[in-house]
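Colleague: Sequence:
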Amino acid sequence: MASDDEVPELVDVDEVPELVDAGEAAAQPRERARTPIAVRKMERDKVPITLLTGYLGAGKSTLLDYILTENHGYRIAVCMNDYGDTTDIEAKALQFSNDDGTDPTAQMLALPNGCLCCSVKDLGIAAIEDMVAAQREKIDWVVVELTGLADPAPIAKSFWANEEMGELELDSVVCVVDSRNVLNQIDETREDGSPNECQRQIACADVILLNKTDLVTPEVLDEVASAVAAINPTLRVYRTDHSQIGLEKLFNIQAYAVPPPTSAADGCAECAHSDVNHAHTHGHHAHGITTTTIPLPHLTAQQFAELHDFLEEFIWAGKLLVDGADVVWDGERPEILRTKGYLVIDGVEKVVQGVADLFEIRPALGSGNAEPKLVFIGRRVDTRLGEVVRARLGL
Numbered sequence: 001m002a003s004d005d006e007v008p009e010l011v012d013v014d015e016v017p018e019l020v021d022a023g024e025a026a027a028q029p030r031e032r033a034r035t036p037i038a039v040r041k042m043e044r045d046k047v048p049i050t051l052l053t054g055y056l057g058a059g060k061s062t063l064l065d066y067i068l069t070e071n072h073g074y075r076i077a078v079c080m081n082d083y084g085d086t087t088d089i090e091a092k093a094l095q096f097s098n099d100d101g102t103d104p105t106a107q108m109l110a111l112p113n114g115c116l117c118c119s120v121k122d123l124g125i126a127a128i129e130d131m132v133a134a135q136r137e138k139i140d141w142v143v144v145e146l147t148g149l150a151d152p153a154p155i156a157k158s159f160w161a162n163e164e165m166g167e168l169e170l171d172s173v174v175c176v177v178d179s180r181n182v183l184n185q186i187d188e189t190r191e192d193g194s195p196n197e198c199q200r201q202i203a204c205a206d207v208i209l210l211n212k213t214d215l216v217t218p219e220v221l222d223e224v225a226s227a228v229a230a231i232n233p234t235l236r237v238y239r240t241d242h243s244q245i246g247l248e249k250l251f252n253i254q255a256y257a258v259p260p261p262t263s264a265a266d267g268c269a270e271c272a273h274s275d276v277n278h279a280h281t282h283g284h285h286a287h288g289i290t291t292t293t294i295p296l297p298h299l300t301a302q303q304f305a306e307l308h309d310f311l312e313e314f315i316w317a318g319k320l321l322v323d324g325a326d327v328v329w330d331g332e333r334p335e336i337l338r339t340k341g342y343l344v345i346d347g348v349e350k351v352v353q354g355v356a357d358l359f360e361i362r363p364a365l366g367s368g369n370a371e372p373k374l375v376f377i378g379r380r381v382d383t384r385l386g387e388v389v390r391a392r393l394g395l
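Here the sequence shown stands for residues 1 to 395, numbered as in the UniProt record's numbering.
Certain hints may be false.
Stated by the list, open to error - Subject to a maximum C-alpha distance of 16 Å in a straight line, what follows is the list of computed EDC-like cross-link-like pairs (lysine to aspartate or glutamate):
#: 1; residue 1: Lys319; residue 2: Asp309
#: 2; residue 1: Lys319; residue 2: Glu306
#: 3; residue 1: Lys319; residue 2: Glu332
The set of hints was computed from the structure by calculation and includes no laboratory data. Predicted, not measured: the structure shown is a model, and the values here were computed from it.
Using the sequences provided together with the hints, build the complete structure.
Modeller: Below you can see the structure in the form of structure tokens.
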């Protein structure tokens, strides 16, 4: 995915608007003068990056149009795939070219609201790193648009795995869904039975916009919310019309550094359960992706070491070992799309984050009163996975 092609220098931004406090942005009229934003005050060593995904026609273009044209106060570099879905955005329709007339791999356009628009053929890490390095003082955030048919998991995995070496840190994956059509999109089946693109996008996301709410009834919207939560109950969910939302709800999520939320936003509550182990399903939409939430006690150092070994064996090697024996049920192993968790080990708080076959355990940036748990999202995930975890931990 990475590209070693040289990225042309960005054009200068003559006037950058004053930045705005993220907590006040949504409440203030767009034309009102604003105060400096919390994004600058966060003093993050790296530039945060948000991956924007969503099925064809969901409303990504409307959201990006807002980012690129409104005076919201953020200085955002938006990287739009040349083969993406946002062809109706005016900035994207402008002609980009090198001085010699050749078609470059990536070009930048400075916009009046202080944002930068980047048209790229390859959303590789190297190209985006070069762009950030060239205009580091003019960029507070990077948003990368993925095509409507893209699986965000391997892309998120690549950016996340590159954090220690590069200038970017993955903040979150934001998914826009079309409330009119998403139920049918979730129900689309593949011949091999594997999850389709819409299902994978929802499963990998940290934030969901249930968009086009003005075009469906409240009953349908509730059904959509239920279907989405059945795939991924750890989401922050917002109901939107024309993708209108305060950007502070999309930025600084720190999804790879804080525990999974105990409830989702805007009335779409997480399917939280207090039973020992629960696998979420949705009876009307047999989409093949399930979630199991495994409540955990506070762990000893020895139990944590055992859990770490289990995660390495399961996520990296695909093995489920109990008493040294590899457990396989129904002739198939689970396919894990996302792993999330919050642990307390001898009073020390840690978070677990994983995408596909990559996972990491790092110190938590505050618990938010979370209860210790592990959450697995994927295919063929059910309560038996919790039984294996409890057996390994001696619970």
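Colleague: For each hint, tell me whether it holds in the structure or not.
Modeller: Do the hints match the structure? See the list:
1. Lys319 - Asp309: Satisfied, since the Cα-Cα distance of roughly 11 Å is no more than 16 Å.
2. Lys319 - Glu306: Distance ~14 Å between Lys319 and Glu306 Cα, so the pair holds.
3. Lys319 - Glu332: Holds - the C-alpha atoms of Glu332 and Lys319 are around 11 Å apart, at most 16 Å.
In this structure, every one of the numbered hints holds.
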